[in-house]
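Novice: Listed below, chain by chain, are the residues.
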Amino acid sequence: MRLGIRVLLVLAILGVIPVSAQTFRGGTKPYVLQGKLAKDQRGAQQSGWLAVSIGSLGKPDTPVRWVGVTAFNTWDDDPFEGRQVLSGLIPDQPTLLVDGPAGLLAQLQKAPVGNKVVLRGMLVPESRTFLLSAVQVVPANAKMPK
Amino acid sequence: MRAIRHAKPGRLATLATVLLLPAVLRGQGGSELGPVVWRMRGTLVADKQSANDIGWTGVSIGFTGQADNKVRWLGAVHAEIFGGDTFDAWSYVDKVAHYTPTFTVAGPPDLASQLLALPDGSRVALEGVLDRGARTLLLDAVKPLPKPGGS
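Protein chains in written order, with the numbering used here: chain R, 1 to 146; chain H, 147 to 297.
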């Protein structure tokens, strides 16, 4: 093998040369998700910009929750990056795997279909893990508290 | 009572209509289509397909006083009503996004001109009062936003 090719291979392995188009992941950072809980994927598609499924990390038997997402912003309120990151996760099912304090997980799991939810937490895009720090559930017809 | 007793039936019908109309409209959801303070963010692009690709949905923006075919396409990534309600905002956009133009900017002229002049690829935040029934937007602010990397 010629020296030039060897050098290129080493650089590619080290990541200096991108060998393929990489999906933008955005890195680990806090996000705020707003959405409406739905019965299934179809219901979620009819109640938000994007239908996402939320499973529980390490608990594959726990039923997924479907959410029609109406906003997904970074902690500093960037919806452009939020859309890019969330869209990149969509082929995977569940879209997000939540983890965190048992009380928050139970709150999300028990929230009735049709209710609005605001989920705050740290998203690790590479693993789709969303570490919850707050869960807010609001009845369907109630206004979101300011 | 005497006035009512002696009033012509036509006038009574008019009076009843005026008094009852607000209640009827509320019953039909008419009050849900009143003006709201509106905030929307997205990327200006050349056409509908690009807008749908770059945003959650593509919306078109027309301008009062401009030709009917003069629209800007926006790939919307966020919409909210005053107070941060994204649920009602999504619901509204979902109902009207198929119209072209989805919204018509009624002014003021300087902000309309600013929006018209922004190049494709610009990220922008639009704020103003939206008449949901007429889909008319009276702009209060047109804020160009930084692109990724702060450029």
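Just so you know, the hints here were simulated from the structure itself, not pulled from any lab data.
All C-beta atoms in this analysis are idealised placements derived from N, C-alpha and C, irrespective of residue type, glycine included.
Just to be clear, a hint being listed does not mean it is correct.
As the list claims (entries may be wrong) - In silico EDC-like links for lysine to aspartate or glutamate, alpha-carbon gap of 20 Å or less:
1. 293(H) to 81(R)
2. 289(H) to 76(R)
3. 241(H) to 256(H)
4. 143(R) to 240(H)
5. 143(R) to 76(R)
6. 293(H) to 77(R)
7. 143(R) to 199(H)
8. 289(H) to 273(H)
9. 293(H) to 266(H)
10. 293(H) to 76(R)
11. 293(H) to 234(H)
Claimed, not checked - Here's a subset of chain R near chain H, in silico, CB distances under 8 Å, partners left out:
12. 71
13. 142
14. 144
Novice: All hints, please: hold or fail.
Specialist: Results of checking the hints against the structure:
no.	hint	verdict
1	293(H) to 81(R)	10 Å, holds
2	289(H) to 76(R)	17 Å, holds
3	241(H) to 256(H)	29 Å, violated
4	143(R) to 240(H)	19 Å, holds
5	143(R) to 76(R)	23 Å, violated
6	293(H) to 77(R)	14 Å, holds
7	143(R) to 199(H)	31 Å, violated
8	289(H) to 273(H)	8 Å, holds
9	293(H) to 266(H)	12 Å, holds
10	293(H) to 76(R)	15 Å, holds
11	293(H) to 234(H)	28 Å, violated
12	71	4 Å, holds
13	142	10 Å, violated
14	144	5 Å, holds
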